[in-house]
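Sequence order for the protein chains is A and B.
Count along the first sequence from 1, add 749, and you get the number used in the working numbering.
Count along the second sequence from 1, add 24, and you get the number used in the working numbering.
These are computed hints drawn from the structure, not numbers from a lab.
Just so you know, these numbers come straight off a predicted model, no measurement behind them.
Don't take each hint at face value.
In the DSSO-like style, the derived pairs of lysine-lysine whose C-alpha atoms are separated by at most 30 Å in a straight line are [stated by the list, open to error]:
1) B:Lys26 - A:Lys846
2) B:Lys208 - A:Lys846
3) B:Lys167 - B:Lys307
4) A:Lys764 - B:Lys26
5) A:Lys846 - B:Lys297
6) A:Lys895 - A:Lys873
7) A:Lys977 - A:Lys873
8) B:Lys333 - A:Lys1000
9) A:Lys977 - A:Lys942
10) A:Lys926 - A:Lys952
11) A:Lys942 - B:Lys297
12) A:Lys846 - A:Lys830
13) B:Lys208 - B:Lys290
14) A:Lys926 - A:Lys910
15) B:Lys124 - B:Lys297
16) B:Lys326 - A:Lys890
17) B:Lys326 - A:Lys1000
18) A:Lys942 - A:Lys890
19) B:Lys74 - B:Lys319
20) A:Lys926 - A:Lys1000
21) B:Lys307 - A:Lys846
22) B:Lys294 - B:Lys319
23) B:Lys208 - B:Lys319
24) A:Lys846 - B:Lys124
25) B:Lys29 - A:Lys846
26) A:Lys942 - A:Lys830
27) A:Lys910 - B:Lys333
28) A:Lys1000 - B:Lys297
29) A:Lys987 - B:Lys297
30) A:Lys846 - B:Lys333
31) B:Lys307 - A:Lys952
32) A:Lys977 - A:Lys846
33) B:Lys29 - B:Lys167
34) B:Lys422 - A:Lys764
35) B:Lys239 - B:Lys326
36) A:Lys910 - B:Lys319
37) B:Lys422 - A:Lys1000
38) A:Lys987 - A:Lys830
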Amino acid sequence: MKYLHLIWAALFRSKTRTFLTLLSVIAAFLLFGMLDSVRVAFNSGGQVAGANRMITSSRLSITQMLPYSVVEQIRATPGVKQATYAAWFGGIYRDPKNFFPNFAVSPDYLDLYPEFALPQAQKKAWLADRTGAVVGEALAKRFGWKVGDTIPLQATIFPTKGSNDWSFTLRGIYTIKEQKQKGQENAMFFHWKYFDEANDYVKGRIGWLVVQPGSGDGADRVALAIDKLSANSDHETKTQSEAAFNQAFAKQFADIGLIVSGIMGAVFFTLLLLTGNTMAQAVRERIPELAVLKTIGFSNRSVLWLVLAESVLLVVLGGLIGLCIAAALVPMITTASGGMIQLPPMAMQTWLTGLLLMLVIGVIVGLLPAIRGMRLNIVDALAGR
Amino acid sequence: MKRLKGFLLGLGTVLALLAALVAWIMLPWYAVLGLAAFIALWLVLARSGKLALAAASIGIAGLPQRWGASAVIVVGIAGVVAVLVAMLAMGEGFKATLDKTGGTDSAIILRGGSQAETNSVIMRDQVPLIGSLAGIARGADGKPLASPELSQVVNLPSMADGTDANVQFRGVGEAAWTLRPQLKMIEGRRFQPGLREIVVGRGAQQQFRGLQVGKQLELANQMWTVVGVFESRDSHDSELWTDADVLGPAYQRSAFQSVTVKLDGKNGFKQLKAALAADPRLKLDVETTHDYYAKQSEGLTKLINILGKVIGAIMAIGAVFGALNSMYAAVAGRAREIATMRALGFRGLPVVTAVMLETMLLALLGGLLGAGLAWLVFNGYTVSTLGQNFSQVVFQFKVSPELLWTGLKWALGIGLVGGLFPALRAARLPVTEALRAA
């Protein structure tokens, strides 16, 4: 630490060069922060600590609906504490561009999602209104909806009385505290019962169930018991944890992880090269200075550490600035996209991975020049040989 | 006062550079060619051009000695170009696959308001009504060329890691083969109506497990046999096909999702649309198959393009600073050499041109390297993603010549920015000081 001022002075010996290198390090870590946020958003879909929810859906395919009769069967299965159900509606508000998820759900559906905070009075009002609906705060803000408003939706799958026009009355607006989950404030829920009665095509069918196993019961065993109920029937089910269900879904959008790591690889390789070159240059220019340091008594090892510390400091400085900019940009993207893209704020994990990368890159980049500095022969270096 | 002047000069240069970059990106290829020819002529014919060429050749001859710094520029730019071209090639490939699907001589009929086949329902009793509409071509036997189709999404294990992927399982009518002449059997035979036999697309066969001819497959608790493989080079390549009358009962579906029809001549579409609107029993939408599939690629292609360009831009900024760094160092390292040239009578313009030419040459090398790399690795690379129909669309990265050209343009743009400031510094280097410098 006592040499910090020395390292600092060495770092800014050539201001232009350090500044330019710093900027390219910033660019690389800015990209890293943003891409890693995207990756986290895809991988952590709907995971809530302690929620312990499972999804039971048709084994045949995700679009296949299940008969309503399975609900009672599953509720009666030992180990199942609570089971709620939902169906995808796929309505459009005015224009297909305004896409947001909307579901028909059972009255107790939100009980399994304690992270969705809905005022008690609004919940009551919703339960009492057959055509009532609840939406997330982000969605309500996006379209300027207030409680009591009528929301018209155009059906894309399920017409009602030969027409595509459905309308719902907004009875409640829920909020989610957890920043990571904010994306789920973009949905709308209404009564499955109304959906079942009013749509022309499907009767007595649900999309999937959300099952909560009892605390003492192994989730795996409960899942097996549920799937056994419908084995060899025409509506076989598949029960998996909510996280696994969401991840399987996200994975279908091409392999995000592969693309992200490919880009990161290219970026860091480039970065390594740029910074490595700068450090080599910096040491080359300073050979006489390093020789002087050695002459006045700095050991070989301290010279090694000085040069290494300089390169690590440079990368960490640039990296931190880059990550900070990324952290500021990520919520801006969410706002600018009007809620279409919901990125969680930069995760702790991203910061830590970033920091680790900075240290590793700093060391790799500084090692060769540092060793060169360590091995300097004082007489030759002073003579400029 | 001097400082202010310097600042204003710097600011002016930056603004001019930005304008030049924008103009450069917009420039069509023939203008670029013209510009290159103009510069080449100036270099060879004009006196200052000849001087610039001479100065540049000295710098370029010295490049191997500074191979480390030169490699930084080349590899840095190559990285940017490779990522940019690969990303854009992904969007291009997806778009090309859906654009090739369908044509203007056939149309798809969906339930009013549905955006995609999955959302659509066409009742069995509506099919004969549709068949009798005007505008639909008739086959040799006098029957309308219409194929009522079912589209069922099924789960199949992916080739890569065995996880479930949504695959389109299409039940088709007899006319389906006539309606899609681009579809050719490359292995085995067509399925026989009434039997649980499947033909699979080539893309699907490559992406999902267990689709070899002769293999049995369990779907909807029933055993199906794969009897053939077809190739259509469009989005049907990701599908499994069987007889609609077999698929419907297997999944307890009585209704169809869509009816694809062959249009009768040029006015067929207009007639069909009018006839459909006139029949109150049919609340259906009709679109040419080309429009239908093209519309499905819009969103994703746009997203990938924007994403590719944003990532490319951030990387390009990083590479610009790298190039600036290297070129400043090169100019500083050759300060005495440049000062000597200036003392000999080389004026500012040739010196600036010389440094610029050197950087542009390195940028060009980097661009070629990156574009070549993207082409070698990614052209034809097959991936799949979730399409509008809730099922996987298999497509290939398509590194087209236009994309390679875009990549080269970006590379030269980075070279332009990375070389200009060091070049200006070289031209302003105080001669006496530089000559004295060690």
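Going down the list of hints, with the structure as the test:
no. : hint                 : in the structure
1   : B:Lys26 - A:Lys846   : violated, 55 Å
2   : B:Lys208 - A:Lys846  : violated, 36 Å
3   : B:Lys167 - B:Lys307  : holds, 23 Å
4   : A:Lys764 - B:Lys26   : holds, 21 Å
5   : A:Lys846 - B:Lys297  : holds, 25 Å
6   : A:Lys895 - A:Lys873  : holds, 17 Å
7   : A:Lys977 - A:Lys873  : violated, 36 Å
8   : B:Lys333 - A:Lys1000 : holds, 23 Å
9   : A:Lys977 - A:Lys942  : holds, 27 Å
10  : A:Lys926 - A:Lys952  : violated, 36 Å
11  : A:Lys942 - B:Lys297  : violated, 37 Å
12  : A:Lys846 - A:Lys830  : violated, 39 Å
13  : B:Lys208 - B:Lys290  : holds, 26 Å
14  : A:Lys926 - A:Lys910  : violated, 39 Å
15  : B:Lys124 - B:Lys297  : holds, 23 Å
16  : B:Lys326 - A:Lys890  : holds, 26 Å
17  : B:Lys326 - A:Lys1000 : holds, 20 Å
18  : A:Lys942 - A:Lys890  : holds, 27 Å
19  : B:Lys74 - B:Lys319   : violated, 54 Å
20  : A:Lys926 - A:Lys1000 : holds, 26 Å
21  : B:Lys307 - A:Lys846  : holds, 23 Å
22  : B:Lys294 - B:Lys319  : holds, 19 Å
23  : B:Lys208 - B:Lys319  : holds, 25 Å
24  : A:Lys846 - B:Lys124  : holds, 24 Å
25  : B:Lys29 - A:Lys846   : violated, 51 Å
26  : A:Lys942 - A:Lys830  : holds, 22 Å
27  : A:Lys910 - B:Lys333  : violated, 47 Å
28  : A:Lys1000 - B:Lys297 : violated, 39 Å
29  : A:Lys987 - B:Lys297  : violated, 43 Å
30  : A:Lys846 - B:Lys333  : holds, 22 Å
31  : B:Lys307 - A:Lys952  : holds, 21 Å
32  : A:Lys977 - A:Lys846  : violated, 41 Å
33  : B:Lys29 - B:Lys167   : violated, 83 Å
34  : B:Lys422 - A:Lys764  : violated, 44 Å
35  : B:Lys239 - B:Lys326  : violated, 39 Å
36  : A:Lys910 - B:Lys319  : holds, 29 Å
37  : B:Lys422 - A:Lys1000 : holds, 22 Å
38  : A:Lys987 - A:Lys830  : holds, 18 Å
In this structure, the earlier hints numbered 1, 2, 7, 10, 11, 12, 14, 19, 25, 27, 28, 29, 32, 33, 34 and 35 are contradicted, and the remaining ones agree with it.
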